[in-house]
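Respectively, the protein sequence lines represent chains A and B.
Whatever position you read off the first sequence (first residue = 1), add 12 for my numbering.
Whatever position you read off the second sequence (first residue = 1), add 12 for my numbering.
For the record, the hints were derived by calculation from the structure and aren't laboratory data.
Treat the hints with care, as some may be off.
One copy or two, either will do: identical chains are not told apart, so a pair holds if it fits within one copy or between any two.
List time: in silico DSS-like cross-link candidates among lysine-lysine, alpha-carbon distance up to 30 Å [what the hints assert, rightly or not]:
hint	residue 1	residue 2
1	Lys177	Lys205
2	Lys17	Lys161
3	Lys17	Lys135
4	Lys177	Lys217
5	Lys177	Lys161
2 protein chains.
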Amino acid sequence: MKLSKRQEAIAHIVRENGPVTGSAIAEHLDVTRSALRSDLAVLTMIGVLEARPNVGYYYVGLSPKNQTAEILRSYSVHDALSQAVIVSPETNLYNTIVTMFTEDVGTILVCEDSYLQGVVSRKDLLRASMGQTDPHTMPISMIMTPVSKLIVVEPSDSLAVAAQKMIDYEVDCLPVVVREDDESQDNPKRRLKVVGRVSKTTVTKAFLECSTQEV
Amino acid sequence: MKLSKRQEAIAHIVRENGPVTGSAIAEHLDVTRSALRSDLAVLTMIGVLEARPNVGYYYVGLSPKNQTAEILRSYSVHDALSQAVIVSPETNLYNTIVTMFTEDVGTILVCEDSYLQGVVSRKDLLRASMGQTDPHTMPISMIMTPVSKLIVVEPSDSLAVAAQKMIDYEVDCLPVVVREDDESQDNPKRRLKVVGRVSKTTVTKAFLECSTQEV
């Protein structure tokens, strides 16, 4: 449940000045009383405000659990993302595994000029290294999950959206991308420019940050 | 900041009945007025209650961020843990990798009679499979991180404690154990009985659950 900007403004006014009449709130916001009717109805229905006859509106507030949800949803991918570890599509399997160890990440993005081509995880590399292929000649583009099958997020998404995608699609990490139209081709298509990554580690850190607030 | 049981009871009474005098709170709890003095002092100091002369105590409440922290810290490992995927120390590298794929987990616990001997991660298996060893003969006990070097949690720990350990020690998963004294040996020592595991996936799910509370 997300309050609108005006509903938030009303809740704020009542919190600061309550008890306060509907007319006084309307005056504060410089709108007519009737323009507020539906917002006040919503706010009392969900229990943020309480109305008492001949007195006005009191602030009650969202339940603690709802406030928690609001706060967690206010975390954006943009605020939490970390730097992506990137290799080019021609990089061989061996060097990609070495990169994974030296950078100590679970997922590597495969990019050409910082445009996303695919992703390889530790699981992909383990599977490939168990096979009969020569790791020094096999290009990573043959092993990666191609961009057409990837789940991505954008910087403006909330971290909760990213968490939901990681759980739903059973992946540990998502590329954070900005969509760009490629005008250079006869048949223009969307390209995904990589700006970072978010992982279950990112979410774990956010959980920790929220759970260690001090009074 | 964790409130005591009595402080929580006082906050609850004032929330339901406020404004209310100190004597009325004492009556509610069936204690003397002076027994409440320090609790009321704490609650007003940290801003949960506000006192107004000749009126009594008002409920103000913890700040939203503090409430969030309280709610997140109330998640316990016991409530969130998932089943551990276990192999015996003699299992060879190849079969351990197969188990990791069939069970689709990132970490496998190595146990003898459900007592923890060690842990292997995808990273350990990838490193081992890149080496010169024969995966069909190499026992996993030669590759695992031994129990003496492991970080573990207990069911009664909060999930925030587990999250902190995973971030601090840079691991994706922790064994959940119960400590038992082994009386059978001349030189008794603590044994760790495995009851499950928690991972960054567990924390991501908890984050998601808290961020999707409905009104």
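Hint check results:
no., hint, verdict
1, Lys177 to Lys205, "within (19 Å within a copy, 34 Å between copies)"
2, Lys17 to Lys161, "neither (37 Å within a copy, 52 Å between copies)"
3, Lys17 to Lys135, "neither (44 Å within a copy, 47 Å between copies)"
4, Lys177 to Lys217, "both (17 Å within a copy, 11 Å between copies)"
5, Lys177 to Lys161, "within (13 Å within a copy, 34 Å between copies)"
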